[in-house]
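Chemist: Numbering (our numbering), first residue to last: 1 to 537.
To be clear, the hints were calculated from the coordinates, so they are not data collected in a lab. Fair warning: there could be bad hints in the mix.
[To be verified] Label pairs and their computed distance ranges (CB to CB):
#	residue 1	residue 2	range
1	195	521	42 to 50 Å
2	428	289	32 to 40 Å
3	252	124	36 to 44 Å
4	434	405	38 to 46 Å
5	181	382	52 to 60 Å
6	337	199	31 to 39 Å
Bear in mind the structure is a predicted one, so any value in this text is a computation, not a measurement. Cβ coordinates follow ideal geometry from the N, Cα and C atoms, glycine included.
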Amino acid sequence: MTETSPKAPALRRRGRAVAALGAVFLLLAACGSPNPVPAPTPAQGSPAPSASSPSRGTPASSPATPSAAAVPVVPAVAFRSGLTSVGRRDLIAALGGGGRWGSLELVAADADAILAALGVERPTDAGRLVLAPDHGALAADLRAHPDRLAFLRASDVGPSVRALAWEGRDLFGVDRVRSLADWPLNAGLAARAGQPAFDPSAVWTMWAGGDLGLDRSVAYAVKDLGKGVDYPYDGGTARIAGTSCCSSFGWPVPRIVRTGNAGAMRHLISAADLAVANLEEPAPDAWTYHAHGTVFTGDPALLAGIARAGIDVVSTATNHIGDGGRVGILQTLAHLDAVGIRHAGSGANLVAARRPALVTVGGVRVAFLAYDAIPPASYFATATTTGSAPLVASYVRSDIAAAHRAGADVIVVYPHWGTEYTRGPTSFQRSMAHLMIDAGADLVIGNHPHWVQAVEVYKGRPIWYALGNLTFDQAWSEPTMEGISLELTFDGSRLVQVRMLPHVLVGAVQPNLLDPAGDGRRVLDPVFEASSKLLPW
Numbered sequence: 001m002t003e004t005s006p007k008a009p010a011l012r013r014r015g016r017a018v019a020a021l022g023a024v025f026l027l028l029a030a031c032g033s034p035n036p037v038p039a040p041t042p043a044q045g046s047p048a049p050s051a052s053s054p055s056r057g058t059p060a061s062s063p064a065t066p067s068a069a070a071v072p073v074v075p076a077v078a079f080r081s082g083l084t085s086v087g088r089r090d091l092i093a094a095l096g097g098g099g100r101w102g103s104l105e106l107v108a109a110d111a112d113a114i115l116a117a118l119g120v121e122r123p124t125d126a127g128r129l130v131l132a133p134d135h136g137a138l139a140a141d142l143r144a145h146p147d148r149l150a151f152l153r154a155s156d157v158g159p160s161v162r163a164l165a166w167e168g169r170d171l172f173g174v175d176r177v178r179s180l181a182d183w184p185l186n187a188g189l190a191a192r193a194g195q196p197a198f199d200p201s202a203v204w205t206m207w208a209g210g211d212l213g214l215d216r217s218v219a220y221a222v223k224d225l226g227k228g229v230d231y232p233y234d235g236g237t238a239r240i241a242g243t244s245c246c247s248s249f250g251w252p253v254p255r256i257v258r259t260g261n262a263g264a265m266r267h268l269i270s271a272a273d274l275a276v277a278n279l280e281e282p283a284p285d286a287w288t289y290h291a292h293g294t295v296f297t298g299d300p301a302l303l304a305g306i307a308r309a310g311i312d313v314v315s316t317a318t319n320h321i322g323d324g325g326r327v328g329i330l331q332t333l334a335h336l337d338a339v340g341i342r343h344a345g346s347g348a349n350l351v352a353a354r355r356p357a358l359v360t361v362g363g364v365r366v367a368f369l370a371y372d373a374i375p376p377a378s379y380f381a382t383a384t385t386t387g388s389a390p391l392v393a394s395y396v397r398s399d400i401a402a403a404h405r406a407g408a409d410v411i412v413v414y415p416h417w418g419t420e421y422t423r424g425p426t427s428f429q430r431s432m433a434h435l436m437i438d439a440g441a442d443l444v445i446g447n448h449p450h451w452v453q454a455v456e457v458y459k460g461r462p463i464w465y466a467l468g469n470l471t472f473d474q475a476w477s478e479p480t481m482e483g484i485s486l487e488l489t490f491d492g493s494r495l496v497q498v499r500m501l502p503h504v505l506v507g508a509v510q511p512n513l514l515d516p517a518g519d520g521r522r523v524l525d526p527v528f529e530a531s532s533k534l535l536p537w
């Protein structure tokens, strides 16, 4: 098992060079204003909470104690919201009525201190302020009431809520502030016994993406059109202006309009502390360009573009990895090594194919395992032959246990599975995903269907059944031209924030970010609908 630290210095410098572009995209979807708005006239008295509301409690009689300290507080909304940022205007609207907000919600014991930190007093209308007994009840309330704006301790934030930037500054995600001195919202709150204070230095981010292509339209754009190997990852932001009819398959296709912010996608990937995706196709020495069809071999020179984008680890357990022959698999792995990209899911034999990529970030060891469940079975590795790691239950249990013994703090499994062009999942996907979590995996991130599939939370751990296409070219329907990537924030080994970021492929090969509160709903809403009873967030 080989271990390395992600993000070579050259890649980090490149990510910082475009940091401002990602910040621009954050502001595109913000509903708050960066300009302060005067606080409302203080109301006299504190109305009693309604006894009819089960989520309301009795506030603490005193917001501060001798042990109170400045504690970072963050705004939050329901997980499925597409908002990215709020500001004081939103706070005033939540307290006073109007706009999108029905009410403000706070944890009862922290309410007075948070209101003081926000510079407001309790509203005269008791219905504008909901008091939850604890942060768990608050999170459940946000799911049931998406029109509520909440504020809670940063240490109470979990993946079931969506933490937002406040006045353009974020405490989570790739553009987070690195010091509490730079965070503008702190409340005088007493420390809780057994709960450590929120420490930004322990926070790190993982970006995860779907299917990467090297052949067909990708090669044509990069080489024949002369756009260069960096082109697929230079996307900015876009909107969908409607659809046109129809592709050769009879499907409507989206009419895409770029909205600027070139490099926003690159920034998102390279600014993450760790980035992983699925390499759908091999890159053997004897590659051949394919204009059409479903056999792929990519020019190894294109791997430099993936590395420069900031992708650190790829899964190579796919149903196309053997398209260049068994020797082509080994050559692909050697070419990945040459550009500094770690890999999991295939190897010279079954033992090597099942070996995880193990990386360390922020003092946390992260293990990546990858498996393929899609024929041809002739591409699967055996004890003596090169190939991919087959998705077999006994292998999964054994490999996760071995990764734990090797010191992994976080285990991510990247399975290649499912039925193409469906929202899924199949019963096989669900049973195997549950097995992975039961065996000790922390995240399951699948691919292969080329549509974004459902999301499930099982025993508190998330499963993405498929992220859709990242640079893989299928420009014959809207779902195959869309995908999501994940911006995941960890506090040590604990997942604390999940952001599902929708994109659309320009020219079939370049992902451009969609506003998750706008056109991005075209991608996210079908996913949430497919998730139905699987996703409690």
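Chemist: Give a verdict on every hint.
Modeler: Going down the list of hints, with the structure as the test:
1. 195 to 521: 42 to 50 Å: Hint violated: Cβ distance 36 Å, outside 42 to 50 Å.
2. 428 to 289: 32 to 40 Å: Between residue 428 and residue 289, where Cβ atoms are some 35 Å apart, the hint holds.
3. 252 to 124: 36 to 44 Å: violated (51 Å)
4. 434 to 405: 38 to 46 Å: Because 22 Å falls outside the window, the suggested range is violated.
5. 181 to 382: 52 to 60 Å: Given about 57 Å between the Cβ atoms, the range holds.
6. 337 to 199: 31 to 39 Å: holds (35 Å)
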